[in-house]
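> For the protein sequence lines, the chains are A and B, in the order given. FYI, the numbering for the first sequence is 0 to 368, going by numbering that gives the first Met the number 0. FYI, the numbering for the second sequence is 0 to 684, going by numbering that gives the first Met the number 0.
Keeping only pairs whose Cα atoms sit at most 20 Å apart, straight-line, the calculated SDA-like set for lysine to any residue is:
(1) Lys-136/B - Arg-195/B
(2) Lys-436/B - Glu-326/A
(3) Lys-353/B - Glu-154/A
(4) Lys-564/B - Pro-654/B
(5) Lys-436/B - Thr-403/B
(6) Lys-436/B - Gly-338/A
(7) Lys-353/B - Asp-496/B
(8) Lys-353/B - Thr-150/A
(9) Lys-354/B - Ser-146/A
(10) Lys-436/B - Gly-336/A
(11) Lys-354/B - Thr-150/A
(12) Lys-353/B - Ser-146/A
(13) Lys-436/B - Ser-335/A
(14) Lys-436/B - Asp-319/A
(15) Lys-436/B - Thr-330/A
Quick list of the computed label-pair ranges, beta carbon to beta carbon:
(16) Met-221/A - Asn-491/B: 46 to 54 Å
(17) Pro-488/B - Val-264/A: 52 to 60 Å
(18) Pro-352/A - Glu-435/B: 53 to 61 Å
(19) His-136/A - Lys-481/B: 20 to 28 Å
(20) Thr-160/A - Pro-532/B: 27 to 35 Å
Not everything, but these chain A residues come out facing chain B in the computed CB check (under 10 Å):
(21) Ala-140
(22) Tyr-148
(23) Glu-154
(24) Glu-270
(25) Thr-277
(26) His-321
(27) Asp-327
(28) Thr-330
Everything labelled a hint here was simulated from the structure, so no lab data went into it. Ideal placement from N, C-alpha and C gives every residue a C-beta, glycine not left out.
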Amino acid sequence: MAQYGGLGGLGGLGGLGGLGGLGGLGGLGGSTNFTGLGGFLGVEDPGGHDPMTTHGLQTTAEGLRHLTEGGTMPTDQELGFSDPNTLGGLATWVRGSLYVSEFLAGIGSEAIDGTPQKATLSFDGQTCLTLHRPGTHLLRAQCRFVSDYATLRAERSAEITSQLGFPTPYFAMMLGLHSAQNTKTFELITATQVAAAHAAMIVKNHLAIRRPDQLDARLMPMIPTPGHGSFPSAHATEAYAVLTVLEALITAWDSLSDGPQRIAVLRGLAERITVNRTVAGVHYPIDSWAGATLGKIVGQVVLNRAGAGSAIDVMTYTPDDHDFFDEDHRTGNIASGMGLTATGDSFTLDSKPAFSWLWSGAVAEAQKV
Amino acid sequence: MFPHRHDHERIDKYTGPYERWIFSQDLGRPFAFPAIRNGPSTHITALMEGDGMLADTDDVTIRIPPLWSERPNVTPFVMWNTAIDPEALVTGEDAELARCLHALNGSRYRLNMPIDPRTWPETYAEGAAPQGWTPPKTKPRVIIGVIDDGIPFLHRAFRDSADDTRINLCWLQAARANASAAVPFGKELTSGAINRLRLEHGDHELQAYRAAGAIDRDVPEIDTVLMHHVTHGAHIAGIAAGNDPFVGAHSLPDDAVILAVQLPNTIAWDTSGFGKEMMMLSAIEYIFNRARMIAQAFDGEEIPLVVNFSYGWSANRHDGKSSFERAVDQLIVARRATQPCTELVMPTGNNFAKKMHARFSARETTEGAFRFGWHLKPDDRTSSYLEIWLPPDRDPRGWTVTVTPPTGSGVPELSMPITADPDLEDGDPRRFVEVEKDGANIGQLSADKHLDNRWRVMLAMTPSAGFPAIGRRTPVGLWTIKIDTGDDPLPNGAHVDIWVQRDDDPSQLGTGGQQSHLVDLDRPEPPRPLERPALTPVRGYGCLNGIGTAPSAFRVAGYMLSTLKPSDYSGSASVAVNADDTPQVDANLPTVTATADQGWFRPGLPSIGTLSGSGSRIVGTSAAAATATRLIALNFLSGRPACDGFETLYPEFAPEARILARTGHFRVPEVCQQALKRKPPFVGA
Chain A
0 MAQYGGLGGL GGLGGLGGLG GLGGLGGLGG STNFTGLGGF LGVEDPGGHD PMTTHGLQTT
60 AEGLRHLTEG GTMPTDQELG FSDPNTLGGL ATWVRGSLYV SEFLAGIGSE AIDGTPQKAT
120 LSFDGQTCLT LHRPGTHLLR AQCRFVSDYA TLRAERSAEI TSQLGFPTPY FAMMLGLHSA
180 QNTKTFELIT ATQVAAAHAA MIVKNHLAIR RPDQLDARLM PMIPTPGHGS FPSAHATEAY
240 AVLTVLEALI TAWDSLSDGP QRIAVLRGLA ERITVNRTVA GVHYPIDSWA GATLGKIVGQ
300 VVLNRAGAGS AIDVMTYTPD DHDFFDEDHR TGNIASGMGL TATGDSFTLD SKPAFSWLWS
360 GAVAEAQKV
Chain B
0 MFPHRHDHER IDKYTGPYER WIFSQDLGRP FAFPAIRNGP STHITALMEG DGMLADTDDV
60 TIRIPPLWSE RPNVTPFVMW NTAIDPEALV TGEDAELARC LHALNGSRYR LNMPIDPRTW
120 PETYAEGAAP QGWTPPKTKP RVIIGVIDDG IPFLHRAFRD SADDTRINLC WLQAARANAS
180 AAVPFGKELT SGAINRLRLE HGDHELQAYR AAGAIDRDVP EIDTVLMHHV THGAHIAGIA
240 AGNDPFVGAH SLPDDAVILA VQLPNTIAWD TSGFGKEMMM LSAIEYIFNR ARMIAQAFDG
300 EEIPLVVNFS YGWSANRHDG KSSFERAVDQ LIVARRATQP CTELVMPTGN NFAKKMHARF
360 SARETTEGAF RFGWHLKPDD RTSSYLEIWL PPDRDPRGWT VTVTPPTGSG VPELSMPITA
420 DPDLEDGDPR RFVEVEKDGA NIGQLSADKH LDNRWRVMLA MTPSAGFPAI GRRTPVGLWT
480 IKIDTGDDPL PNGAHVDIWV QRDDDPSQLG TGGQQSHLVD LDRPEPPRPL ERPALTPVRG
540 YGCLNGIGTA PSAFRVAGYM LSTLKPSDYS GSASVAVNAD DTPQVDANLP TVTATADQGW
600 FRPGLPSIGT LSGSGSRIVG TSAAAATATR LIALNFLSGR PACDGFETLY PEFAPEARIL
660 ARTGHFRVPE VCQQALKRKP PFVGA
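So here's chain B without its partners, still in its complex pose (with noise of 0.2 Å):
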């Protein structure tokens, strides 16, 4: 039950589906990630849309991280509201920040997730270099730019042969501030901090990175993932830019620079998507930003960057046009008129086996409707998504949606027009819809009209594992959605694209999640070993990197390399059928395929581990997306284009839609391990 409360206090009012659900007491926030959860949010991040000046208030202190956009179309921001008490209760949260919103002028900005105050430097000095910063030794022929957690700055693969740092900067966005920063939230690092740290500390790395902040047991956005064996972070960055018999690649030189940002750990954390983006844009502002910065220490020129982004959700509306692709889109293409190369490099996505896509286009809709389920599973400590994305730029007319839920919950079924709720005014058209159990609030349906030009029907369940102190959990089991297009139906060559959310644990940060899937209720038959899955509505082509879709995101697929096939669980871009049956790729075709698994009894790429010395396997696109960043590098190094040396896969025949999806046209080589063959290093063809 969402209480009444006047208008401007109501965080709808602002806001869509998301921050709606996530800031609520009475609706996910009990079981959002620790951030918000245990709030409340003094310290908020956000985003604004649009041009105009981001101006402080009486109540509210604005600061912008480094950009290096001018005009951005898309401006990430923190806000500091001092209306609001830290040591209040939770539960009028949501009110507070509807209010501050509100003052704020209100619908063209979107929260984010909180920061820890203690993150927030006194004194933020916008614009000027970082305190002790001094540029590399020469001028790079190319920065790589690494963005993850627990990145180990200080491992032996991150040096240059004079054993000094390769990593200029690092900034540790949730890391304890000090007094005065360059950077409006978190700690940054010059490779003469670095320099001292190993200086002061020797070996023990442990205690070097506890002494700089970044193994910190009180700020659970920082935490003690650097404590880990091998954290993701580390793994990806010695691939992609590490010097280290672990990795076994041919060598980088020393001016291949490196710029780092360590996200917080709420982004590995949370499955709803939610509160990332500005985060994760300022992450991407501020290496251009910084790679400017040591360009003017010498020439000026823009330096030759390619930057490894290996995180992404499976929700989103995959076309491209959300805030953080349109914002990443324009930077990218803005720094090439001077700087061609430049390029942002992302995996497809592990989850093309996971059921957590369907595509229903007029052939499967009977009588004009069509239904999918959706199957949560028990002991899910965190909430689950679902997001169901209409055709673009066009307003369904007499559309509902039905949510069934599984047999004997005793949950009443319940029906939504997806149209806007004419009381919502300000902000993207919108509708809610409270999901109940004996009278408490179990999940949201919602409709809204995605920045104003294309419809998504969401749906946000709580836990089903239970809570006994909050007392609120979602039925286990097989829930059914149904989309009926009344007198509207969808045009022949139209499609309605459903994607469930990330719910599991990659980093092992314990969040208690369970992967909920679709499930095709008229059951096809699976695909016989080694057929290709056929487009059945519920199918893993177009289960793609929610977050990579910008047409200029370099999109790296993952495949085997004892069988070149494509590894299972690589996403894939997504495939439409013509009128005349051909299946047809549609959107956001993988740029390459890499090398993500070694065989079938060696999953994976091996690389660094978190301590100098050690050595690890992750298995996933993320790694394959760094060995495409590596090569990317010493192309650039050499002044060749960014793909040169990689193999065409079809020089003479256009492969079906199915293979290509998840191909793309390039093959990127083998990089792990090549320097311990006798072969001559990474040359062009």
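Same shape as in the complex, but just chain A (with noise of 0.2 Å):
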């Protein structure tokens, strides 16, 4: 007779039925939440029971096996094979796990050296950002602008320490979500934090650029130094990979008669999360403009995976010494002028199953107002 089996459950579940980063707001508990990576883990595991539960099947399983036998054998129903209408019954975080593997299958990256060192992106082969290495002489003139920005860390301590991991609940309250009815607005929003997380590791681990506090000792961040080159900034890559997938959803929608204010509010908090990090002291400005791009141009992956998607733009970022605005972000002359320019180059990706399946249960969400 086995004895007290079970796993005890993975840790950091939150409970079920909401709590967790897809079922509804607020991030998973535990360590998990502040990595960035954590929106899936988990969810909708339960693990194994309790110890006293799993000892209680086992002797319920002894005493009412004899009223199965005699029986005749079930007949067997098939799933359909590689189907996508089988999504919906896995649980949410094997989910998870195939957004990652779609959006990661065909990525790629290079280092190119000389002068300057460059990082670029790819996806199917195809380059969609280079970024130009930050020297230190440009690190250390940005270094004022996280000085001066300092000033405005006791009123943003609240957003900043609720944003280190997905501030989701921002984006859920300038949209008004409910985790009953936008179930798959909130998952397509984490996998696409997610996928803007892996995509930005991925180039900071190549251009491998110091903390602002790393370089200066004025300026003594609010929060702990993350343990991640500076530039890009994550934050800013998930943010706006979330507004270019949520613009899209939005116009999907066409049901908020005030969608075009919705859009702006969208763009004004994307902006201040990004800002926010500048505020918290871990963050240049440069990196806002590199993360900006970047998380643009993942939400424009993540809309092509979804078979939603229009041309990427390819985009090449040489940072200058600027603070970071989004008016002069999304105005080409202006940020010509800062140093982003696109190639004039773009192209289109294949969608894929997951993606996709997700993408129109989400469409499906719109509310009718």
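Dock the two chains into a complex; use the hints.
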């Protein structure tokens, strides 16, 4: 007779039904919340039961097995072979893993030495972004912005600390998302954030840029110095990737009469989340420029993989000593004066089943207002 | 860029730097307070300097509020310019205003803030008593004037022993007007009207305020301020004039009558300090006028009056000579001729520790020049203003001002001579230069000889937060300003004073302002804990309410009860250093110091909230001033002088200037929660 089996559950679940990164609002409990990659791990995975239940199940099994004897064999009905319809029956974390696989298949990057040093990112063999590595003189100059923005720390504290993980509640607030009505929308947001985080880490790893507080003793950030390079900003990447996907989703819903205002406030939110990292003392404005650019591309890749995207513009960013503002970033002639240029090339990517399934589910969640 | 206009359409032909900045769409107007930003300004307040008659023209109807003065040297008025189309866009409006000033024969008029046309009664019964007005039940032994925002006139604290209101009149300057009124704009509530509101609505005070137009969502200058748990006006009026357990002070008797004026919200909102003098001066003239009207209903002898005006700005000339201060001083001095018991109580302000003032004398100049930093913060949604005041009655010869933007901002450095522009003939000598970034205007540097007797350099900058629709934005960070005195150095004993304008949001109106501050470029070490700050160029001494420097103003500083030391933020008189290196208070000594904080862990003072039965705490010299007002009123009631019973702080020795500058000579005893202790009521020493 088996004794106390089971796993006692995975750590950091925060319970069933709406507290995990996908089921509703708020990140997961525990350390997974702060890495930016924990959005899916363990959601809808009950693990094992507690020891007493496990024991009770086995004694019950022994006591009732006799009632199953003597019946006919049940018919076998097969699940669909490589069928997107089975996706709905999977645990959320399993779909999370599939989204990661679909996003990362075909991702490529290159580190190009020279003057300047560059890192590129590509999908399906097509380069979408080239980032030039900022030199230390530029980083030192940028430290003054980090110092100037520190005056906002007191009033932005609550935002900064609650945005250490994925800032999903902030996006939810702008669109009035509901955990019962918008399960697929939440899943899409989290999948996008996870994809953005992976993309950012690949590029950060090549460029290896020190954080502002590592260069300048005066900056004393209000949150722990993150364990990865500064340029580009993962928060900016995630925020702008989600922004890009939500802009497309609002357009596809075509159900919000105040759509333009929602999009305007989402843009303001992406900027605010991004700039909050400079306020906190862990990013230069050039990190925000690079992250916003990468984020927009990641968003477009997600949309392409979902079968809903349009052409992805190939971008090059040569960081220069400027502050970051969303209006500058999205206005072509201003942006190019600040180092961000479109090469003129563009490309599309093939769609993939899990993302496509997710997208149609999210589109179907339009509120009729 | 300030486009070319014809002479009489150039607003700067008639106006000083603030008006030019605030009213021009190409300059600061898009960032101005809503009353101006949303324009156009068909109805606008203004001041006239000097003697003369104000007369209507074909296009302009003029109204003068109830005055006490017969021949004021500054006349507040309001005008309706029917030539301005209310539906028009604001872009050309500075030209319209210029034309209007041209028609009025211009340079003695100074435009102030616009008012909402809905606050303009069709008929202004000038000089008449308010309709339905009744005098108080008996002749008051003292009248307490309260000028503030969000005044809860129905609050139980302001009732007498018969449960009738002690407020004889309350002027809501920004409320929708009735068809006819004895005030030129807004609404005047009589004691009868207040009592009737209570009769009709009982305890439902919010409902009553709505019915009275004191809560009015659609009128931004009134808005829903009274729906907050507490307003500045509630807290201050509670201490100055209220009987309530939450204040806990010794009671004021029934014949301590109240006259109240509620200012428009812009007065709290706006960060320029510009454009409010007409409203403020009207409020004071009105209270004096109505106090006389009450006296005339009895034996005609003017009644002891103490007015609490807990407002302030940080910039301004600080020598008592601004129009508002001269006007107010004239009023007080004239009234004291027949009624010596007349006081205007004002706080010293709360900016001592905010690095909003600097003073440079000859000893701080290097090769004839001095420099300082001005730090502009990010995400500031309101304009920022800096004023540099030269010594009075002196024309600088060959002085220049140079503004250097933050490193890497892309804005070129600019210089300007501190001299008059010969093209601007009428009015004060002045000159304007625009600060630009990528061809778009982000600021205005000006020099003007204010009221033709004292040169001022002013730098106005647009917000540092982005407004995508406008596309102009000031770079964040450290701006450096240099004054070069050339061959005309500062004489010994003279100094240049710099003030940064207030840019915070004390009433939580959501302005999005961020306070800028000054930087000592020499980076002196800060004082040690418990050590008195040194007289470095950037200093708290001289950080004082910029509208409270009239000689006869009763200035109140703040101290902490548990330590008897000045509150960290309490504004201070300015200090000069003599030739023998001794410091000396040189101007604007506080009259008294009063409790502003009860202790380190009980900051501020307790008082009422907006609704009867609610309480609040507010921190600041405003509340300290209100305690002084109340005790002055109690003194006047018993026929004693204003400061009777106040402790003389330095009977035996002259204190060091830096101590005296923050306290004045008298300490006001505790007021709040005194009636809750088993002590005899307040009597003079």
